[in-house]
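Participant: For chain A, the structure is supplied; the task is to place chain B on it using the hints.
For the record, the sequence lines run as chains A and B. Under the working numbering, the first residue of the first sequence is numbered 1171, with each subsequent residue one higher. Under the working numbering, the first residue of the second sequence is numbered 1171, with each subsequent residue one higher.
Warning: the hint list may mix true and false statements.
Heads up, the list lumps identical chains together, so a pair's fine if it works in one copy or across two of them.
Claimed, not checked - Listed below are the simulated DSBU-like cross-link pairs for lysine-lysine, each with C-alpha atoms no more than 30 Å apart in a straight line:
#	residue 1	residue 2
1	Lys-1774	Lys-1737
2	Lys-1774	Lys-1182
3	Lys-1648	Lys-1176
4	Lys-1767	Lys-1648
5	Lys-1176	Lys-1316
6	Lys-1767	Lys-1666
7	Lys-1648	Lys-1774
8	Lys-1182	Lys-1767
9	Lys-1737	Lys-1666
10	Lys-1666	Lys-1648
11	Lys-1316	Lys-1737
12	Lys-1176	Lys-1737
Derived from the structure by calculation, the hints contain no laboratory data.
There are 2 protein chains.
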Amino acid sequence: MASQIKRFLVGKPIATEQQHQERLTRTTALAVFSSDALSSVAYATEAILTVLILAGTHALGLALPIGGAIAALLAIVAFSYRQTIHAYPRGGGGYIVSRDNLGDTAGLVAAAALLIDYVLTVAVSISAGVAAITSLASTWGYPGLKHAAVEIALLCIALVTLANLRGVKESGAIFAVPTYAFVVSILGLITFALVKDMFYGATPVTHPVPPPVPEVGEALGLWLILRAFAAGCTALTGIEAISDGVQAFKPPEAKNAAATLTLMAALLISMFLGITWLAHLHQAVPNEITHETVVSQIARTVVGAGPAYFGIQVATALILVLAANTAFADFPRLASFLSRDRFMPRQFASRGDRLVFSNGILALGFFSALLVVIFQANEIAMLPLYAVGVFISFTLSQAGMVRRQLRMREPGWERGALISAVGTVLTAIVLVILAITKFTHGAWIVLTLIPVLVLVFQAIHQHYLRVAEQLSLSTAVKPPDLRRHTAIILVSGIHKGVLPALQYARSIAPDNVTAVYVNLDPDQTERLRVRWREWGCDVPLVVLESPFRSLLRPLRSYIAEVQSHYKDGMVTVILPEFVPARWWEHLLHNQTGWLIKTALMYQKGTVVTSVPYRLER
Amino acid sequence: MASQIKRFLVGKPIATEQQHQERLTRTTALAVFSSDALSSVAYATEAILTVLILAGTHALGLALPIGGAIAALLAIVAFSYRQTIHAYPRGGGGYIVSRDNLGDTAGLVAAAALLIDYVLTVAVSISAGVAAITSLASTWGYPGLKHAAVEIALLCIALVTLANLRGVKESGAIFAVPTYAFVVSILGLITFALVKDMFYGATPVTHPVPPPVPEVGEALGLWLILRAFAAGCTALTGIEAISDGVQAFKPPEAKNAAATLTLMAALLISMFLGITWLAHLHQAVPNEITHETVVSQIARTVVGAGPAYFGIQVATALILVLAANTAFADFPRLASFLSRDRFMPRQFASRGDRLVFSNGILALGFFSALLVVIFQANEIAMLPLYAVGVFISFTLSQAGMVRRQLRMREPGWERGALISAVGTVLTAIVLVILAITKFTHGAWIVLTLIPVLVLVFQAIHQHYLRVAEQLSLSTAVKPPDLRRHTAIILVSGIHKGVLPALQYARSIAPDNVTAVYVNLDPDQTERLRVRWREWGCDVPLVVLESPFRSLLRPLRSYIAEVQSHYKDGMVTVILPEFVPARWWEHLLHNQTGWLIKTALMYQKGTVVTSVPYRLER
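Chain A extracted, bound-state conformation (with noise of 0.2 Å):
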């Protein structure tokens, strides 16, 4: 029955030789590979605002300047990341990158930041999608869809994590459409509103419910001003995309790849700035009560609550779910990688019937289901945590780039690590601003995190080796025939279950079967010796005192009397077990055979065999 919902909800298996990668034209890639980085522009101007207003509306202005300075750091990077799509054709991940060129430790960190990113990613881009839908339910007279905020956004998680372990194609169509339509709507939007504002001057963004404006103000000090800048940091997230994925694109594939990656971070740098630009004009302010995003109340403001609105809406709903599709390709990739090198459970290597990496698709749907739950869907609450992990890997990762220039000395390298080493000192400056700036808002556990997560790789590492070096034939001899091999049948009482117990442990081990029966009650004991003598087919019945009621205590201690005869023999204890027709009916009979097997796991010379005996109703 299981299985047959497995069929339903996730298809029929697909055999390997089907696996094949789509190459991808620069259009369709820039569809596939932005929809992560371009989608934050849904958020991160509103971001930047929500710190600000804590020092009340005066000090919203600021926002200009502070979108300016991200917008270049944004070019940095991208010029920065050009150089590694060279270096890497075959796709430079942060992971592969650090541990290439700066050793496992760095790569294990970026590793640990870029999954605890990837889960944040999918959290982070869900809310924001529910954000937009339900502020266009808002505006249109549906204020109570915020309410049911947290059931929408895991219901679009279930729905993302299965369509994943289907295994959609990542196939450029599909992609295209929301990607552009939320770049042409966004763009349409910043261009009609300074071509209408530039005639008839900007109206202000009204509130149904005004927004609450704090009445003494935290001071606008640098402090605030740095904390503005780290939230708003949150719009490069994503920029490393293109970079991890160069083998898609159609040949020449680093050329082709370098350059849409800069003309995404042309799109982006224009589409954050025009936002921030129409927030400031219109005075735009986050809203606690009404929850309605920045966007949707410049969007309304501007073009009115008709179609074309609801148009601007949906594209950011859309693009923002996009957005969590793609940390679905991205975290069981990765976690192929480290379970591929033996830092990970094994199990987040292999492929399931549908050819995708499973597990790890699996996990991040619950992980970040549970970030949802836990942040009640509010991304805003969450972009603390966001970002830290990002800039983690665009430091190591960059860092590594200048090591290898220093290393490979290819020509024109001066310039390159030049380039790498300036965006490395940029982004650890804004790492240690984002760790400074948000630890207590919720880096600190981020940052917490990261070592613990270095520390399980690790110990899972030492263990797979450990393991590697004990199953290693270097050291191995054949093995002799066994000298001896003893069967025990642990009986509960006299049944038909018992006789192909019976009849296979004479099989086994023709010579040396003895039967044993743990003592609980000598009323029973007395009959089942009765009835023995006619059923038992000759083994020899062995009852054990049992004062504690145990049965394992006897029957440990009677395996080491029967090894202590024969050094070098075998024992092997058999359990005649009935097999119930229907799933349920296991709950209904002692788990013993399940205790026994367990218990004696560690028993050396010994093997556990259950007999079935199948019920037919």
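Facilitator: Just chain B now, kept in the frame of chain A:
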């Protein structure tokens, strides 16, 4: 490690032969069996007032006649149960009497009702005990303690569960102190108050925060009076306890038990009527805001907030905890009867390390904790669910007695049958009143749950009957020697862990061993073939193709092929399995072995055996 924690919490195992039953005098028996019944004095009056206040303060006077009616009912039921004691000197709980005289279904309905009621007894009594303590704390200036009521209640349940898992002896002394302290303090309070009021007049209760009284109340009609009566009927819970435990009395058992029952009923009636009378004189009103109990209001008004008041509150809390403890004896015992009669999983009939029915104790602890959380430790809110079950059991049990007396026609049967018949009719009427008036307030949950439980009991019973029939030796024939036994070693590679499996396979099926490998990657397969030539111990290697990366499908068809050659043969699938040295390391390996075992569980003529290779580190 898990085993050490268990030893610390539960204690060392106790030998079977140490089981014995302490015989009780009337004095200690009263203490042991009456805590559940007597403790209802702590909340029954309040339950009546909580309903009457809905019609305004003028309705509160009706508590007196309603209390009188309940007291009369109580006397009749107690009188009727004296008959059960004489008829079932080995113990006659609702389940046994109903099943014995009215058939299986009636017995199961009574059992389901009682099991639900025991869970409610724990939840209600512990919550009421906590309320006594928080009322005390509030009077003495710590009103905040009531916010921790749920946590305190859960802690109490955990402690009582643990104490019962350890197997506290039903030692008279432990029970005698709080029970008699409660009886003395409540009777003392009543006497003192009546005398004092006669001389000085009764001072009304004052409230730190006045209780909210509805300005426009409900109409004071028959409906509200019936609801108030139904609410007060919780005073009858626990009255059947003595009839369950006749065996525990010193001989003559039945006579001593009947006398104790009469005494208990007399005490209960005087205490309940006394408190109801005092509540009327002192105008005590349930207070939703302070959550102070009515008994606490009366006590501090009469004796002042001094040490006497402290004593009353602590005695009340203690007897309520004891009442919960009674359910921890009743529930596991009833579950073990049901399990013995094959209506519940057999796990409920086995005694744990400490000679107690551990699974029943754990189940009761779990479900009562769940109720406390759902109802936020508010015992008054739980009362509508309570009592319905008790009255179902009363009615069935007494109807069973009528049937029995009509059948047996022992000397004086006419009088006995009459008493039982009057009891049956009265409790049946009250049951209908309870079911109707409390239906929407929660009784529907119980009334739905009972038939569901009965159906589950019956399904379980059918299962056990089917199993017994299929396992019966009456149609069995002694098995002949196995005609052919084939061993198949499933290998995933060649390493040290495979060698003991090869050795074992050759020992159990000397001439019929094959190694099977599923081809998932042609390169690896080729490498295996080469190494197998050196290490395979001359066992032939069969490579199976698997286009969908499934292990099971090719393995299954291979087994089917082998079996098609030899009818009546047996196939052992041997899995070389290495056992990690640390428990957490199990998580790091594919659970393939487990999957294969589960999948082949229903495959005829197949045994799956893991041959362990134990890693040292």
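Participant: Now tell me, hint by hint, if it's right for this structure.
Facilitator: Hint check:
1. Lys-1774 x Lys-1737: Cα proximity of Lys-1774 and Lys-1737: one copy only (11 Å, versus 35 Å across).
2. Lys-1774 x Lys-1182: Result: close only across copies, 27 Å inter versus 43 Å intra.
3. Lys-1648 x Lys-1176: neither (44 Å within a copy, 42 Å between copies)
4. Lys-1767 x Lys-1648: Close inside one copy (27 Å) and across copies (28 Å); limit 30 Å.
5. Lys-1176 x Lys-1316: For Lys-1176 and Lys-1316, the Cα distance exceeds 30 Å both inside one copy (32 Å) and across copies (47 Å).
6. Lys-1767 x Lys-1666: Classified as both; 22 Å inside a copy, 22 Å across copies.
7. Lys-1648 x Lys-1774: So Lys-1648 and Lys-1774 pass the 30 Å test inside one copy only (19 Å; across, 33 Å).
8. Lys-1182 x Lys-1767: Close across copies (23 Å), not inside one copy (35 Å); limit 30 Å.
9. Lys-1737 x Lys-1666: between (35 Å within a copy, 21 Å between copies)
10. Lys-1666 x Lys-1648: Only across copies: Lys-1666 and Lys-1648 sit 9 Å apart there, 40 Å inside one copy, limit 30 Å.
11. Lys-1316 x Lys-1737: Neither: 72 Å inside a chain and 66 Å across chains, both beyond 30 Å.
12. Lys-1176 x Lys-1737: For Lys-1176 and Lys-1737, neither the intra-copy (49 Å) nor the inter-copy (35 Å) Cα distance is at most 30 Å.
Of the numbered hints listed earlier, those contradicted by the structure are 3, 5, 11 and 12.
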